[in-house]
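Chemist: Sequence:
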Amino acid sequence: MAKKFYAIKKGKNPGIYTTWTEAQQQVSGFSGAEFKSFSTKKEAENYLSSSKKGLPVSDEETVTAYVDGSFDKLNNRYSYGVVMLKDNTVLATLNNSDNDAKYVESFQIAGECFGSLNAIKWATNNGYKKVVIHYDYLGIEMWATEKWRTNKAVSKDYVTYFKKLSQNIEVEFKKVKAHSGIEFNELADQLAKDALKFQ
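Residues 1 to 199 in the UniProt record's numbering are what the sequence shown spells out, letter by letter.
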């Protein structure tokens with residue numbers, strides 16, 4: 001596996017780290033974290049010394065999101081974690097938890113649904129025309145595209161909110177395998193868990 005260098009521009013301890021585990025500790029739970037991974041140390045150093053204006057952009061109107069959900073059985077709370085990205089750089093991290101009785105029955109799925117909706121909301125509010133949502137629970141895409149029937153409160157409300165929020169923005173979905181070591185998916189998972197700790 002090729003070695004990576006993780007440059008933390010905004011985090012608990014900004015700097016360059018050589019493992020994702022170390023880097024994750026610096027950005028997990030840090031509001032407004034900014035970081036990027038590189039294949040060489042020189043590139044990582046250049047990123048830390050560069051201004052945001054100097055960073056290359058691929059498609060200026062598209063933003064990427066990783067979403068995940070979690071659930072606390074003891075307190076009957078669901079939560080979500082969202083990582084918003086542009087050109088492999090973290091723009092924002094979002095997380096929250098709730099215990100609405102009609103959604104609790106769906107456990108962490110409720111959290112992942114609200115994570116998806118909040119990713120769309122963030123993208124719209126920040127002027128993007130398209131958001132690519134990476135998720136690990138298939139219902140996130142299948143309910144939104146009406147390929148699955150909605151039979152519970154969370155899926156019915158998710159579709160209702162999705163239709164409203166997606167009127168002025170294009171939404172693309174991409175399935176990722178849960179707990180497969182994808183760094184931004186792991187960060188979204190950790191953010192969801194953190195939201196349950198700090199209720």
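Hints were generated in silico from the structure; no laboratory data involved. Where is the CB? At the ideal position from N, CA and C, for every residue including glycine. Be careful, since some hints might not be right.
[Unchecked claim] Computed Cβ-Cβ distance ranges for the label pairs, DEER-style: (1) K73 <-> T145: 49 to 55 Å; (2) E61 <-> K3: 16 to 22 Å; (3) S39 <-> K10: 32 to 38 Å; (4) K164 <-> S39: 20 to 26 Å; (5) K3 <-> T145: 35 to 41 Å; (6) K12 <-> Q167: 37 to 43 Å; (7) S49 <-> Q167: 37 to 43 Å.
Chemist: Decide, hint by hint, whether the structure agrees.
Modeler: Going through the hints against the structure:
1. K73 <-> T145: 49 to 55 Å: 30 Å Cβ-Cβ, so the 49 to 55 Å window is violated.
2. E61 <-> K3: 16 to 22 Å: 33 Å Cβ-Cβ, so the 16 to 22 Å window is violated.
3. S39 <-> K10: 32 to 38 Å: violated (22 Å)
4. K164 <-> S39: 20 to 26 Å: violated (41 Å)
5. K3 <-> T145: 35 to 41 Å: Between K3 and T145, where Cβ atoms are some 39 Å apart, the hint holds.
6. K12 <-> Q167: 37 to 43 Å: Check passed, 38 Å falls within 37 to 43 Å.
7. S49 <-> Q167: 37 to 43 Å: holds (41 Å)
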